[in-house]
Amino acid sequence: MNRPEKIKDEALRTRVAHAYGQLRAGDPSGAVRTLADAFVDLLVRHPALLELTTTVRGRPIPLVTRWPAFGANLVLDPEGGQPPRVELVRERFALSEALTYYEFLVDLAVDQGL
Amino acid sequence: MKFGLFYELQLPKPPGAPTWDPDAERRIYHEMLEQVELADRLGFDYVFEVEHHFLEEYSHSSAPELVLAALSQRTRHIRLGHGIVLTPPAYNHPARVAERIAALDILSNGRVEFGSGESSSDMELGGFGVDRSRKKAMWEDATREICTMMAQEPYQGFQGEFFSMPVRNVVPKPLQKPHPPLWVAASRRETTMVAARLGMASLGFGFETPEELGERAEEYWRLVREECFPIGHAINPGLAVLSTFMAAETDEEAVRRSAHGPGFFSYSLGYYYNPVTGPNHRPGQTNLYDRFSELPSSERDGRGPLVAARLMSREQIAAEEPTDEVQRALFRAARSGQAIGTTETIRRNIKAYEDHHLDVLVLVAQCGDRKHEHIMESIERFGTEVLPEFKERHEAEHRPWREKQLSGVEHPVNSSI
Numbered sequence: 001m002n003r004p005e006k007i008k009d010e011a012l013r014t015r016v017a018h019a020y021g022q023l024r025a026g027d028p029s030g031a032v033r034t035l036a037d038a039f040v041d042l043l044v045r046h047p048a049l050l051e052l053t054t055t056v057r058g059r060p061i062p063l064v065t066r067w068p069a070f071g072a073n074l075v076l077d078p079e080g081g082q083p084p085r086v087e088l089v090r091e092r093f094a095l096s097e098a099l100t101y102y103e104f105l106v107d108l109a110v111d112q113g114l
Numbered sequence: 001m002k003f004g005l006f007y008e009l010q011l012p013k014p015p016g017a018p019t020w021d022p023d024a025e026r027r028i029y030h031e032m033l034e035q036v037e038l039a040d041r042l043g044f045d046y047v048f049e050v051e052h053h054f055l056e057e058y059s060h061s062s063a064p065e066l067v068l069a070a071l072s073q074r075t076r077h078i079r080l081g082h083g084i085v086l087t088p089p090a091y092n093h094p095a096r097v098a099e100r101i102a103a104l105d106i107l108s109n110g111r112v113e114f115g116s117g118e119s120s121s122d123m124e125l126g127g128f129g130v131d132r133s134r135k136k137a138m139w140e141d142a143t144r145e146i147c148t149m150m151a152q153e154p155y156q157g158f159q160g161e162f163f164s165m166p167v168r169n170v171v172p173k174p175l176q177k178p179h180p181p182l183w184v185a186a187s188r189r190e191t192t193m194v195a196a197r198l199g200m201a202s203l204g205f206g207f208e209t210p211e212e213l214g215e216r217a218e219e220y221w222r223l224v225r226e227e228c229f230p231i232g233h234a235i236n237p238g239l240a241v242l243s244t245f246m247a248a249e250t251d252e253e254a255v256r257r258s259a260h261g262p263g264f265f266s267y268s269l270g271y272y273y274n275p276v277t278g279p280n281h282r283p284g285q286t287n288l289y290d291r292f293s294e295l296p297s298s299e300r301d302g303r304g305p306l307v308a309a310r311l312m313s314r315e316q317i318a319a320e321e322p323t324d325e326v327q328r329a330l331f332r333a334a335r336s337g338q339a340i341g342t343t344e345t346i347r348r349n350i351k352a353y354e355d356h357h358l359d360v361l362v363l364v365a366q367c368g369d370r371k372h373e374h375i376m377e378s379i380e381r382f383g384t385e386v387l388p389e390f391k392e393r394h395e396a397e398h399r400p401w402r403e404k405q406l407s408g409v410e411h412p413v414n415s416s417i
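Chains A and B are the protein sequences, given in the same order.
By this note's numbering, the letter at position 24 of the first sequence is numbered 24, and the numbering carries on one by one without gaps.
By this note's numbering, the letter at position 45 of the second sequence is numbered 45, and the numbering carries on one by one without gaps.
Bear in mind the hints are in silico, worked out from the structure with no lab data behind them.
Some hints here could point you the wrong way.
With a cut-off of at most 20 Å between alpha-carbon atoms, the simulated DMTMM-like pairs for lysine to aspartate or glutamate come out as follows [unchecked claim]: (1) B:351 / B:211; (2) B:371 / B:37; (3) A:6 / A:111; (4) A:6 / B:226; (5) A:6 / B:219; (6) A:8 / B:219; (7) A:6 / B:215.
Using the sequences plus the hints, can you model the full thing?
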């Protein structure tokens, strides 16, 4: 069961808890910004995450590209020269969007033992 | 565990032909009505029908509200599920959805299940001008307001980013109060967890295996109990999973009749939802079944690419799978909880779902070029030889288990599970 308490990385766990507080307080847009920052920080500190793949319809794709593209979009440099970043293409996010980002990040961290 | 049937209304083009036989669409619609009538008589609990647009061959079910309305007059007990209605306003105005759901609920004497979703195929999003990056926000706004339209008298009106409307009394109101049970299409684990947090049943379109389901169920129910902010006015906690389905007198015959149905289902789904092939589909020109038929047989024989790869590494598959085609199909069915084989084999394969507390197993019988008479026989066999014992255990064991899961939940519940 992938619960946020199982995240070992203290910095990430703190940010995820903060995002959850924002969700409960009715601020999904703030939660998305917190989660996006936390995701990028995680990728920078654990670049091996960029190498992981998952199988979608029988084909392997980079796991991190499953980060939802609801307007807080992951930008990867194919040459690897630039660090990964999340581009916010708008300000407002819905609760279901924020919850999806939240679930993705918690799953990623717990599944990878971080 | 309860059981449902699932319909995309698939219609592969004949080999080498540019289009279908003129009677083909009439035929599959009427066959479906017959199949569901039989399922109703045998005690199946649900039928779920999709809403898809422009996905020729993969799904010819673009007006499920009409098919379900027809079924409401030909069946007595089976629950009529939208699996799902596309609720972003560009597909369907929210007030029209609320009106249609309520009218269907009245016509069926309160048997509607309101599933919602947004689709992610370019054919559909592009056809209706739905912005992919905003579709989930559109779904959320519209679905929340549809629930309020059904529950509130008069509806208070709404000023939103994706639609607005003034105060109106949206009539008729559904028989089920405050509104029919809510479901959401979930093809990813995250969406199942979002469903829990929004108080909706998860209609799992990912053909999750029993093991995957088990992992999700525990967290799903915890979220329903502890972290639910309902999107509607009553919650419908529950988990449903799709499984391919073909019952016959022998395992070998079931595999033969199953033919390439699940393979085509998987292939055509992948084709339309793939970011490269989907947008480049040539409407009215491509013969998808021809393309599917050209694949090596190892890629056509079921859900191998979709499921087996998740269960085992490719090396394991190569080492463990039987080389005989029929035995390989049965091996995969057993590994992934598919309902293919004799009723005894099916009973054994699907028991694992029950053990993991699945609420509803939704069986996909109509897919690819499967034959109507085989589907009818399959429904008959399952309905008489498998369904009764699961139904009995649902009442005796699963219902009390659900009640325990829900203890302490303060939100109102409207669920047929």
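Now the hints, each set against the structure:
1. With a CA separation close to 12 Å, the supplied pair residue 351 of chain B and residue 211 of chain B stays within the 20 Å bound.
2. Distance restraint check for residue 371 of chain B and residue 37 of chain B: the Cα-Cα separation of roughly 17 Å lies within the 20 Å cut-off, and the hinted pair is therefore satisfied.
3. Annotation: proposed proximity of residue 6 of chain A to residue 111 of chain A holds, straight-line Cα distance about 10 Å (limit 20 Å).
4. The suggested pairing of residue 6 of chain A with residue 226 of chain B holds, with an alpha-carbon distance near 17 Å, which does not exceed 20 Å.
5. Between residue 6 of chain A and residue 219 of chain B the alpha-carbon distance is near 13 Å, which keeps this suggested pair within the 20 Å criterion.
6. Restraint check for residue 8 of chain A and residue 219 of chain B: the C-alpha separation of about 19 Å stays at or below 20 Å, so the hint holds.
7. Proposed proximity of residue 6 of chain A and residue 215 of chain B is supported: the alpha carbons are some 15 Å apart, at most 20 Å.
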